[in-house]
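Asker: For reference, the chains in residue letters:
2 protein chains.
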Amino acid sequence: MNPNPAKKIINDPLKCADDLFEGLVLAYDGKARKVGTRSIVMNDLRPDAPALLIGGGAGHEPIYHGLVGKGMADGAAIGDIFAAPPPDIVLEATQAVNRGKGVLYLYGNYAGDVMNFDIGAELAAEEGIEVRTVIINDDVASAPIDQKNNRRGVAGLVPIVKLASAAAATVDTLDELARLAQKANDHTRSVGVSTKPGSIPATGLPTFELADDVIGLGMGIHGEKGVALIPMCTAKELAPKMLDIIFGDDLPLNPGDEIVFFVNSLGSTHMMELLILLKEARPLLEARGLKIHQTIVDSIVTCQEMAGVSFSITKLDAELKKLWDMPCESVGYTKL
Amino acid sequence: MNPNPAKKIINDPLKCADDLFEGLVLAYDGKARKVGTRSIVMNDLRPDAPALLIGGGAGHEPIYHGLVGKGMADGAAIGDIFAAPPPDIVLEATQAVNRGKGVLYLYGNYAGDVMNFDIGAELAAEEGIEVRTVIINDDVASAPIDQKNNRRGVAGLVPIVKLASAAAATVDTLDELARLAQKANDHTRSVGVSTKPGSIPATGLPTFELADDVIGLGMGIHGEKGVALIPMCTAKELAPKMLDIIFGDDLPLNPGDEIVFFVNSLGSTHMMELLILLKEARPLLEARGLKIHQTIVDSIVTCQEMAGVSFSITKLDAELKKLWDMPCESVGYTKL
Chain A
187 MNPNPAKKII
197 NDPLKCADDL
207 FEGLVLAYDG
217 KARKVGTRSI
227 VMNDLRPDAP
237 ALLIGGGAGH
247 EPIYHGLVGK
257 GMADGAAIGD
267 IFAAPPPDIV
277 LEATQAVNRG
287 KGVLYLYGNY
297 AGDVMNFDIG
307 AELAAEEGIE
317 VRTVIINDDV
327 ASAPIDQKNN
337 RRGVAGLVPI
347 VKLASAAAAT
357 VDTLDELARL
367 AQKANDHTRS
377 VGVSTKPGSI
387 PATGLPTFEL
397 ADDVIGLGMG
407 IHGEKGVALI
417 PMCTAKELAP
427 KMLDIIFGDD
437 LPLNPGDEIV
447 FFVNSLGSTH
457 MMELLILLKE
467 ARPLLEARGL
477 KIHQTIVDSI
487 VTCQEMAGVS
497 FSITKLDAEL
507 KKLWDMPCES
517 VGYTKL
Chain B
187 MNPNPAKKII
197 NDPLKCADDL
207 FEGLVLAYDG
217 KARKVGTRSI
227 VMNDLRPDAP
237 ALLIGGGAGH
247 EPIYHGLVGK
257 GMADGAAIGD
267 IFAAPPPDIV
277 LEATQAVNRG
287 KGVLYLYGNY
297 AGDVMNFDIG
307 AELAAEEGIE
317 VRTVIINDDV
327 ASAPIDQKNN
337 RRGVAGLVPI
347 VKLASAAAAT
357 VDTLDELARL
367 AQKANDHTRS
377 VGVSTKPGSI
387 PATGLPTFEL
397 ADDVIGLGMG
407 IHGEKGVALI
417 PMCTAKELAP
427 KMLDIIFGDD
437 LPLNPGDEIV
447 FFVNSLGSTH
457 MMELLILLKE
467 ARPLLEARGL
477 KIHQTIVDSI
487 VTCQEMAGVS
497 FSITKLDAEL
507 KKLWDMPCES
517 VGYTKL
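Keeping their order, the protein sequence lines are chains A and B. The opening residue of the first sequence carries number 187 in my numbering; numbering runs sequentially from there. The opening residue of the second sequence carries number 187 in my numbering; numbering runs sequentially from there.
FYI, nobody ran anything at the bench for these hints, they're computed from the structure. Just so you know, not all the hints are guaranteed correct.
To be verified - To be clear about the criterion: a stretch of chain A counts as covered by chain B if any three or more of its residues have a C-beta under 8 Å from a C-beta of chain B, and this derived list gives those stretches:
(1) 291–301
(2) 402–414
(3) 445–456
As the list claims (entries may be wrong) - Pairs of lysine to any residue, SDA-like flavour, derived with a Cα cap of 20 Å:
(4) A:Lys256 - B:Pro513
(5) A:Lys217 - B:Lys422
(6) A:Lys217 - B:Leu391
(7) B:Lys201 - A:Pro469
(8) A:Lys217 - B:Gln480
(9) B:Lys477 - A:Gly216
(10) B:Lys422 - A:Gly390
(11) B:Lys507 - B:His479
(12) B:Lys369 - B:Ala504
(13) B:Lys508 - B:Pro469
(14) A:Lys477 - A:Gly442
(15) A:Lys256 - A:Lys201
(16) A:Lys507 - B:Leu391
(17) B:Lys477 - B:Pro426
(18) A:Lys521 - B:Lys411
(19) A:Lys217 - B:Lys477
(20) A:Lys217 - B:Pro469
(21) B:Lys201 - B:Pro272
(22) A:Lys369 - A:Lys217
(23) A:Lys287 - A:Asp204
(24) A:Lys334 - A:Asp436
(25) B:Lys477 - A:Glu208
(26) A:Lys507 - B:Gly216
(27) A:Lys369 - A:Lys508
(28) A:Lys201 - A:Lys507
(29) B:Lys507 - A:Gly216
(30) B:Lys201 - B:Leu391
(31) A:Lys427 - A:Pro469
(32) B:Lys411 - B:Asp399
(33) A:Lys521 - B:Ala355
(34) A:Lys477 - B:Ala355
Backbone N, C-alpha and C fix where the C-beta goes; we use that ideal spot for every residue, glycine too.
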């Protein structure tokens with residue numbers, strides 16, 4: 187059997203998380219440092235400020251850890267491939283980002299992450315560090331409105347982390363940081379589709395199976411079940427199907443509302459396709475009277491070379507817009 | 187036969203270039219506009235300044251046209267998929283970016299581009315617009331040193347366009363802009379490898395063939411012949427093979443020299459792999475005494491969902507470093 191059917195350019199297939207982590211630290215050119223086993227923390231943090239810690243499994247780069255940066259998160263706790271960071275890694279990162287004003291945990295809603303960050307918070311409490319938690323659950327296709335707490339965190343985490351990071355750069359209390367991060371989450375909705383699986387680095391095997399003639403509508407970034415399998419279709423047909431799922435949710439999107447619109451590739455879907463989808467989606471947003479304050483077209487929330495796209499909408503009120511307009515710089519997302 | 191074996195999310199397979207172009211203009215949120223048939227030009231250009239026009243075939247997004255931006259190129263002439271922009275499109279873009287001080291054409295060395303931009307320059311001359319040309323030829327693996335003029339332009343175009351754009355934002359004459367763009371090109375070298383083809387949007391067929399157990403060392407972004415087919419190998423083995431090709435070229439890289447190091451995915455190669463390659467490459471750069479002023483890890487020069495990576499090195503002297511450190515913002519590359 188071919189030991190590397192996906193032709194991945196890696197070293198030891200079982201050490202990808204550690205290897206990519208070392209590369210990530212180098213990608214920061216001295217602006218961030220390695221902490222403990224597998225955490226990355228920015229140097230030159232604002233003193234006497236509440237801290238923002240993000241994290242999650244590896245293999246989805248540039249998220250989560252590539253969203254550490256200037257005007258972005260203070261640090262990240264990094265798990266193994268597709269696995270939550272263990273509590274001791276959460277703790278080491280917590281200790282490193284804390285500047286006496288407590289730490290906000292901000293991460294996607296996956297069972298392993300919730301468990302490990304919660305234990306990390308308990309360990310931190312024993313060390314006298316106050317922790318609050320905001321869980322990202324922007325994926326409208328992963329559970330109905332009345333089970334919102336079961337929804338996963340997907341690509342909306344990029345605008346959410348950006349907004350929370352801008353808050354962390356300006357506010358003085360952990361309560362205020364938690365309030366703004368929660369608001370950013372509450373103002374964000376995403377829906378994704380998948381056309382092809384990625385591969386598991388340790389085995390080279392596909393992350394899931396999907397027939398050649400269908401699209402997984404609402405499918406999660408690891409191949410979690412979505413709302414439906416639909417026939418393969420054009421961008422013009424797909425864009426309204428995706429947006430209607432967001433429009434049908436409980437976030438009020440009224441004429442005159444300003445939004446950030448993020449078109450994300452899940453890995454190998456090419457930017458050509460993202461741009462064609464944007465061409466189809468934008469008139470639908472404008473037809474509802476929405477004003478697009480900023481468009482992002484990029485591949486930031488991925489699962490290896492999985493093919494597929496997601497749309498995320500973040501509604502900006504005056505408070506969030508001010509946070510949005512602050513510049514930021516990270517491996518995963520940079521804006522002037 | 188499956189009409190869309192690559193499962194591309196597009197509309198009419200023969201109209202991808204026009205469709206993505208419309209999406210690209212929308213991605214600029216009003217900062218750039220459509221000009222003529224298929225050109226994009228920034229609004230609010232600096233008056234009485236020499237202009238920088240880039241361009242090339244579509245299908246490689248975010249290059250070339252996604253490098254138009256603030257502190258980036260003034261405009262771009264866009265071809266069909268994998269095809270040079272025709273002379274009338276070059277002319278329409280030239281007229282739109284010109285502010286009375288002439289226009290610098292900066293594009294990759296491909297026969298069709300050279301021919302069409304040259305004809306465009308003749309047409310522009312008839313309109314009284316002065317044009318200079320700098321051709322990007324950073325791909326060391328595409329021809330030996332004594333045939334440097336035959337070398338293709340590949341991922342090095344990102345730092346080259348960034349530097350030339352910073353020059354365009356500051357200098358007053360076309361001669362000075364051309365000198366700095368040429369210098370940026372002369373200070374840049376790239377080498378790429380491929381592991382899997384992308385697909386041709388019009389047909390869904392692979393862009394080239396490559397056996398499952400080999401890597402195309404030095405292969406071009408459309409599958410052009412490189413220096414060798416080598417057995418599939420690890421990141422640790424591949425990084426020195428790639429860097430040695432650059433080190434063996436004629437750009438002096440001496441202890442203490444400062445560089446920009448750009449690790450680029452050709453499409454579907456995941457950032458995990460880029461980071462693992464960075465982990466392996468950076469110590470080799472440092473072992474030569476090179477100082478990495480900035481690392482870029484991203485997917486900017488692509489060919490649909492082709493898999494593979496490239497390394498680009500740009501050597502910064504004091505003049506180029508000053509240009510490098512200026513902020514820029516575009517769909518393809520943004521820095522604070």
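Asker: The structure should be examined with respect to each hint, and the outcome stated for every one.
Answerer: Structure-based check of all given hints:
1. 291–301: violated (count 0)
2. 402–414: violated (count 0)
3. 445–456: Held - the stretch 445–456 of chain A has 4 residues with a Cβ nearer than 8 Å to chain B, which meets the minimum of three.
4. A:Lys256 - B:Pro513: 14 Å, holds
5. A:Lys217 - B:Lys422: 25 Å, violated
6. A:Lys217 - B:Leu391: Cα-Cα ~43 Å, so violated.
7. B:Lys201 - A:Pro469: Holds, because 19 Å separates the two Cα atoms, which is no more than 20 Å.
8. A:Lys217 - B:Gln480: At roughly 11 Å apart (the allowed maximum being 20 Å), glutamine 480 (chain B) and lysine 217 (chain A) satisfy the hint.
9. B:Lys477 - A:Gly216: Distance ~12 Å between lysine 477 (chain B) and glycine 216 (chain A) Cα, so the pair holds.
10. B:Lys422 - A:Gly390: Holds, at about 18 Å.
11. B:Lys507 - B:His479: 9 Å, holds
12. B:Lys369 - B:Ala504: Given pair lysine 369 (chain B), alanine 504 (chain B) holds - Cα atoms ~12 Å apart, limit 20 Å.
13. B:Lys508 - B:Pro469: 25 Å, violated
14. A:Lys477 - A:Gly442: 6 Å, holds
15. A:Lys256 - A:Lys201: Violated, because 28 Å separates the two Cα atoms, which is more than 20 Å.
16. A:Lys507 - B:Leu391: Roughly 44 Å between the alpha carbons, so the hint for lysine 507 (chain A) and leucine 391 (chain B) is violated.
17. B:Lys477 - B:Pro426: 17 Å, holds
18. A:Lys521 - B:Lys411: 37 Å, violated
19. A:Lys217 - B:Lys477: At roughly 15 Å apart (the allowed maximum being 20 Å), lysine 477 (chain B) and lysine 217 (chain A) satisfy the hint.
20. A:Lys217 - B:Pro469: 18 Å, holds
21. B:Lys201 - B:Pro272: Within the cut-off at roughly 16 Å; holds.
22. A:Lys369 - A:Lys217: 29 Å, violated
23. A:Lys287 - A:Asp204: 30 Å, violated
24. A:Lys334 - A:Asp436: 10 Å, holds
25. B:Lys477 - A:Glu208: At roughly 18 Å apart (the allowed maximum being 20 Å), glutamate 208 (chain A) and lysine 477 (chain B) satisfy the hint.
26. A:Lys507 - B:Gly216: Cα-Cα ~18 Å, so holds.
27. A:Lys369 - A:Lys508: 14 Å, holds
28. A:Lys201 - A:Lys507: Distance ~41 Å between lysine 201 (chain A) and lysine 507 (chain A) Cα, so the pair is violated.
29. B:Lys507 - A:Gly216: Holds, at about 18 Å.
30. B:Lys201 - B:Leu391: 16 Å, holds
31. A:Lys427 - A:Pro469: Cα-Cα ~14 Å, so holds.
32. B:Lys411 - B:Asp399: This hinted pair holds, its Cα atoms lying about 17 Å apart.
33. A:Lys521 - B:Ala355: 19 Å, holds
34. A:Lys477 - B:Ala355: 30 Å, violated
Violation of the numbered hints given earlier is confined to hints 1, 2, 5, 6, 13, 15, 16, 18, 22, 23, 28, 34; the remaining hints are satisfied by the structure.
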